[in-house]
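Asks: So the protein lines, in turn, are chains H, B and U. The first sequence: position 34 = 497 (this note's numbering), numbered continuously. The second sequence: position 268 = 388 (this note's numbering), numbered continuously. The third sequence: position 103 = 232 (this note's numbering), numbered continuously.
Worth flagging that the hints you see were computed from the coordinates, not collected in a lab. Here the structure is a predicted model, which is why all the values come from computation and not from measurement. Some hints could be false.
Restraint-style ranges between C-beta atoms, simulated for each label pair [to be verified]:
| hint | chain 1 | residue 1 | chain 2 | residue 2 | range |
| --- | --- | --- | --- | --- | --- |
| 1 | H | Gly521 | U | Ala294 | 40 to 48 Å |
| 2 | U | Ala256 | H | Glu539 | 29 to 37 Å |
| 3 | U | Ala256 | H | Gly672 | 36 to 44 Å |
| 4 | U | Val276 | B | Val158 | 28 to 36 Å |
| 5 | B | Ala313 | H | Pro579 | 36 to 44 Å |
| 6 | H | Leu631 | B | Ser245 | 49 to 57 Å |
| 7 | B | Leu745 | H | Ser608 | 29 to 37 Å |
| 8 | U | Ala141 | H | Ser608 | 22 to 30 Å |
| 9 | B | Ile826 | U | Gln163 | 31 to 39 Å |
| 10 | U | Val276 | H | Gly570 | 29 to 37 Å |
| 11 | B | Ser238 | H | Leu631 | 57 to 65 Å |
If you want the footprint, here are the derived chain B segments under chain U, 3+ residues with CB under 8 Å [said to hold, decoys possible]:
| hint | region |
| --- | --- |
| 12 | 153–159 |
| 13 | 162–172 |
So, partial list: chain B residues that the calculated Cβ filter (under 7 Å) puts toward chain H [as the list claims (entries may be wrong)]:
| hint | residue |
| --- | --- |
| 14 | Lys196 |
| 15 | Gln215 |
| 16 | Pro224 |
| 17 | Met350 |
We put the beta carbon where it would ideally sit given N, CA and C, even for glycine.
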Amino acid sequence: MTLAEHKWTMVVDLDKCTGCGACVVACHAENNVPIVSEEQTIQGRAMHWMRIERYWEGSYPEIKARFIPLMCQQCERAPCEPVCPVYATLHSEREHLNLQVYNRCVGTRYCQNNDPYKVRFFNFFDPIFDEPLTQQLNPDVTVRSAGVMEKCTFCVQRIRRAEERARLEERPLADGEVLPACVQTCPPGALVFGDLNDEASAVSQLLSGNARQFKLLEHLGTEPSVVYLKGGTSYVST
Amino acid sequence: MAKISRRDFIKMGAAGLLATVLTGCQNPRRWVTLEPYVIPPEEQLAGVATWYASTCRQCPAGCGIIVRVMNGRALKIEGNPKHPLNKGKLCARGQAGLQVLYNPDRLPGPVQQTERGSGRFQPISWEEGLNTLYDRLRQAGSGTAIWTGSTTSGHLLDLFERFAAATGAPSPLVFDLYSELNGLAALENADRAFFGQNRLPTYNLEQADVILSFGADFLGPWLSQVRYGMAFGAFRSQSLGKRGYLVQLEPRMSITGAKADWWLPISPGTEALVAQALARIIADGPLGPAEWATKANTLASEIDVSSVAAASGIPVTELEQLAHIFAAATRPLAIPGNALAAQDGQGTAIAAVQALNAIAGADGLALSPDSPATSLLKPQVSPFGDVQALIERMQAGDVQVLLIHGANPVYDLPESARVVDALAHVPFVVSFGPIADETGVQADLVLPDRTYLESWGYDVTSPGFDLPAVGSQQPVVTPVFDAHSTADVLLTVTRGIPTAAAALPWSDEVAFLKEIIPQLGPGAAGGLDTDVLWSRFLQHGGWWPATAPPPAPHTPVLSQSVQAEAPQFQGDEQEYPYFLHLYMSDLLSDGRGADQPWLQGSPDPMTTVAWQTWVEIHPQTAQKLGVKDGDVVHITSPAGEIEAPVYIYPAIRPNTIAVPVGQGHTDYGRYARKRGSNPMDLVGTTSEGLAWATTRVKITPTGKKIAQAGFENKAGVDEGFINEAFPG
Amino acid sequence: MHASRNRTRALATIVGVPLAILAVVAAYFFVSWQVQAAPEQPAPMDHAAMTKKGVSCLFCHSDALKSPAAGIPSVEKCMGCHQTIKTDSPKIEEVAAYWHRQEPIPWARVNQLPRFVYFSHRVHVNAGLNCELCHGDVAQMQAAEPVTKMNMGWCLDCHEQQPDAGQLRDCVICHQ
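All chains should be built: construct the whole structure from the sequences, respecting the hints.
Replies: Below, the structure is given as structure tokens:
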């Protein structure tokens, strides 16, 4: 049975994102992402595969705050890939994802340097999970050690498990069957995930003819797999 | 051949030995032990997870959860897609629940303490602990007091109530900082006054087209964060491309304020005044459809709009604009926020906002419909007056035994409430907390309860929405530590107390639950037999009816106008020039999240700071004070003083400062301890409650500076550089 | 003076030391390249004897068909047969002792893939591969022993021969 090629795409509706941070914590829980200490956070070494960026616009009292959930954009032409000397970060032609192979990484951090979105995180130390927090670690995801780079994978372990199940049941993957942890938990439904190759999928429907869509740093030519939808305007009579 | 010297020989030998040893070295993880089950659970596959349904207890909302369990370990929590409240979604704190279960600082078993406050706990056996509790309760008779929190399970509260009634002790108190900062007691009172029901109000956000939120941070930890988050998503994408319009009126931009279409920085304490001014403008117009006129004339109070403009800092033109927007909407909704609940005369303040809803026909308000679930007990939050009464009883020596479950009053309440003082007059204090928090450290005996993922129970969903629901709780793993369920502890020790034993005849909590839950009858899951009803209750994560009951009539019962005054603030304006704005941290909530590293280490949504406390100050004010980001300042109120580093925050009134609640723990585990400051130390008590929304402070720079643990980089922000990366 | 001896010593050092280091490194790689010997097991389970009696792999390692992990049979499963079969054998008595103590048998792991690799038994078993392909002729083994090194090259050798080799050589298949 030939496996379909999936163009995994995440759509982020900035109008709906409330900045609550559920996605941030869900990602930590699903992917064994360590929490660093206060001192390390001060040094800029906090590791949040998914983060909410808050931008201010204007000045008081006409001030606005904008939330942008930011995770690895899974670029089709990723700047982080060609610079790895040991081929630890590479592109999956099958899933159209940017992969990080942990055991190959030697920690040059060139990929983090080249990444314009700054969504790659380096393990400066061996992550410490005080017992019995180790019981919570997800066995489907490698626990990284010091010297290894890591980043959002669109919960590739969930993608693979779903594909495996679908293969065993001899059926194609259904839309909405694969949900990364962040997408699954988002209360306002700001995150939508799916296969852009499938015309009937939610992401395809959401994006077709949508004037609100844009990609981050599009002018760099990275071709991200994450599409953002601009905030809207309400028209009220006064 | 050259002769080899002894030194060389030894060197070569050592090298050879090293070589031999090295080649023999193996990766120590090569030899791994595989331990199979002795008796496996039925239908368990190795490497395939089982999902168990339960209810989250990180806040009183009671979202349904499902927990991924593999080989007896809980790996991930998700929202329960079947639960009518959250429909598969979950907030950050719900996701962090696994760190409550597997927290390294949980007490491994029951302990006793001979010197209160020392933290030197001596481990004891459960037999000893139970016997001690039994002796004390038997002697105390009616001199027992019970203090529970807003997340204490419904069934445990029920048992506590029965116990108290049987022994002649007063009803248990339900009070913690979460319920206080959310204004839950005031909202429940208001609900009773307006709608005749004793529940938390429900707001139909998704159907409204214009929302006027008077300081209600409904996208934050207020009332029901997940459900309101979902409703907000629907509010923004209504049918035919309609997008709801949100106005937020508050002195400091919360995350709800960040999502507002129009954010109005009103002066603290003027929410009710503004609401009355809007009603006045609508009545005077007259604005809105014809059917509004009568109600507007009756309910609008006599108030001078321009004086409200002066007091609130909103120009008259903007107030008029607001009134027009509200009146022109088809389904407008006004939401009274928690700051209103914290003022003296809170009932009147809330009524002033509800008047707008009454004028508009209150389509945005929905009552939790009646159902079999109404018969089950849901903690009704105690007003602060009850808390003060208990503290006075303790002070007077009327309380022999104090039982504390699900609350941390020593941390929650400010020094002005004198809790520690009162505890000193109670001969025996028992805490049921799984971790030694500030209150546990003042206890004589700690009988740790199991955490919610290891517990049985039920939770009546409140606020309820279209489908009334009762969430179920079941252990998803075998208990990690030697903790026992408090309900079982109570049932065990009361067996020897004749009055109580008659009132609590169950052998254990499961027997109690199995008697209560089937009385709900078949819900959406069906079933008739008691055993089937019980197992469906557990399997689906709760009980709810198959279809939504018809909505009850819902116009607030307001027959005349109210006259809300501006509240009195603690502290003289000259000496204390700034208003203090306290808010619950989105991640740490009222401080109970501080022991979970996922919550401590994740960035705060508005400031991106983790692990620390900060004080938000307007850029101009900071300039006037001569402070920059990271400079530590003293914040002093009439009631107390704290220190906090500055965070320059552009979306706050210049004469207001804001401090998040949640840090400043002295105990509660390694992640919480000795971190930041507790701003509740600044709060005084009034006749009606805690003055957390009506306190003035002064700021003094200390000259100290700390590095701020923020995720963002603030270079260039204060200089006003335009952010070119954000299009539109 | 001792110039010639010094020169010899210098030569010996320049050549000898790198050679020694190289030898150590080579020895290390040579040894880790070898397949490990069968580890010591706490109870003397005899795969050959079981197979001769007609017990199939999937009878005990039943999860291999439905789960990524093949699973080790529980003590209850062992006793399911052995509470009546061959109860007098001292080997069986050792197993029964664990059951009486209600303790799991601490088996030493025979085949261990590195932790950064994801391997799914059910995909391979459902694709028609039999157990002996990777685990060797277990029917001839008393104590289970590894037969191949199970390194990436070995996995890819087989993956490359499949009709959908293009998909199967993608890194995401195993590295998660």
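Asks: Of the numbered hints stated earlier in the document, which are not met by this structure?
Replies: The structure conflicts with hints 1, 5, 7, 8, 9, although it agrees with all the remaining ones.
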